[in-house]
Amino acid sequence: MAEANNPSQRLQDRRPLSPHLEIYKMMFTMVMSGLHRITGMCLYAGTLLLAWYFIAAASGRGAFETVNWVYSSLLGRLVLFGFTWSLFHHLMGGVRHAIWDAGYMFDAEGRELAAKGTLVGSIVLTVIFWVLAYAYR
Amino acid sequence: MSNKSSSLRSEASTVRSLGASRGKATHHALMLRLTAAALMPLTILFAFLVVSLVGRDYDSVMRLFSHRIGPGTIALLFVLVGIYHMKTGMETIIEDYAHGRWKIGLLVANTMFSGLIAAATALAIIKLAVGG
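Chains as they are written, first to last, in the numbering used here: chain A, 6 to 142; chain B, 11 to 142.
Rather than coming from a laboratory, the hints here were simulated on the basis of the structure.
Note that the structure is a prediction, hence the values are computed from the model and not measured.
For every residue, glycine included, the Cβ atom is placed at its ideal position computed from N, Cα and C.
Hints are supplied without guarantee of correctness; some may be wrong.
[As the list claims (entries may be wrong)] Here are the in silico distance ranges between beta carbons for each label pair:
#1 B:25 / A:121: 41 to 47 Å
#2 A:110 / B:27: 16 to 22 Å
#3 A:114 / B:31: 21 to 27 Å
#4 A:23 / B:111: 19 to 25 Å
#5 A:83 / B:30: 25 to 31 Å
#6 A:104 / B:119: 30 to 36 Å
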């Protein structure tokens with residue numbers, strides 16, 4: 006390509022970029038920030054699980070019994086456990102972002118507390134959900 | 011600008027909404043947050059619905075959705091608002107990491123996936139509500 010010989014183009018390829026993830030020491034708040042995006046992407050894929058349940062139920066008895074069998078299996082329950090934890094973690098992360106949007110908890114202590122609260126809250130909600138699910142089965 | 015001295019418009023107003031997002035960024039950021047706020051109660055309500063669905067057989071699920079308006083309403087709202095939020099959030103991720111043709115392609119794929127899932131799931135829920 007002709008553009009590759011263009012000096013300004015070559016300069017653009019080597020232009021200084023902002024330092025990214027790999028140069029920073031891993032911090033708890035940083036991991037929690039990354040987890041918010043990662044759980045969001047898991048939920049993106051998880052909509053297929055949601056869609057499958059409702060579409061199967063609307064399709065008829067056979068399709069519904071298949072999805073019920075898959076979701077009741079050990080692997081199915083493991084995947085659903087991951088899905089519910091992702092959902093509750095993303096929900097708690099959303100609460101944390103809403104608090105920041107309102108202008109609170111920007112100081113070091115607040116950030117740490119918010120990150121811990123997100124993690125603890127997501128685990129507590131997930132456990133409550135599964136206890137209720139088994140209790141009302 | 012040639013009309014600088016004769017125009018009453020401020021310089022800011024002549025360039026406003028001409029940035030990379032053509033003025034749509036505020037709406038995008040706002041919708042991500044508004045749908046997030048709506049999803050806080052909706053997720054809790056939907057979680058209770060799922061708890062009540064666990065272990066139900068086919069006939070019982072059919073009865074739940076066709077005899078009562080609540081379960082279908084919660085499911086429909088959760089799915090539609092959730093997928094709107096999901097599409098908007100994924101657009102943010104794509105715009106962060108993908109550029110050029112990749113960005114355009116992924117944005118189109120994201121819209122198509124979100125629309126397909128939303129339409130199919132919503133139709134299924136409505137079908138359950140009107141009696142299987």
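Evaluated hints:
no.	hint	result
1	B:25 / A:121: 41 to 47 Å	holds (44 Å)
2	A:110 / B:27: 16 to 22 Å	violated (33 Å)
3	A:114 / B:31: 21 to 27 Å	violated (35 Å)
4	A:23 / B:111: 19 to 25 Å	holds (23 Å)
5	A:83 / B:30: 25 to 31 Å	violated (42 Å)
6	A:104 / B:119: 30 to 36 Å	holds (33 Å)
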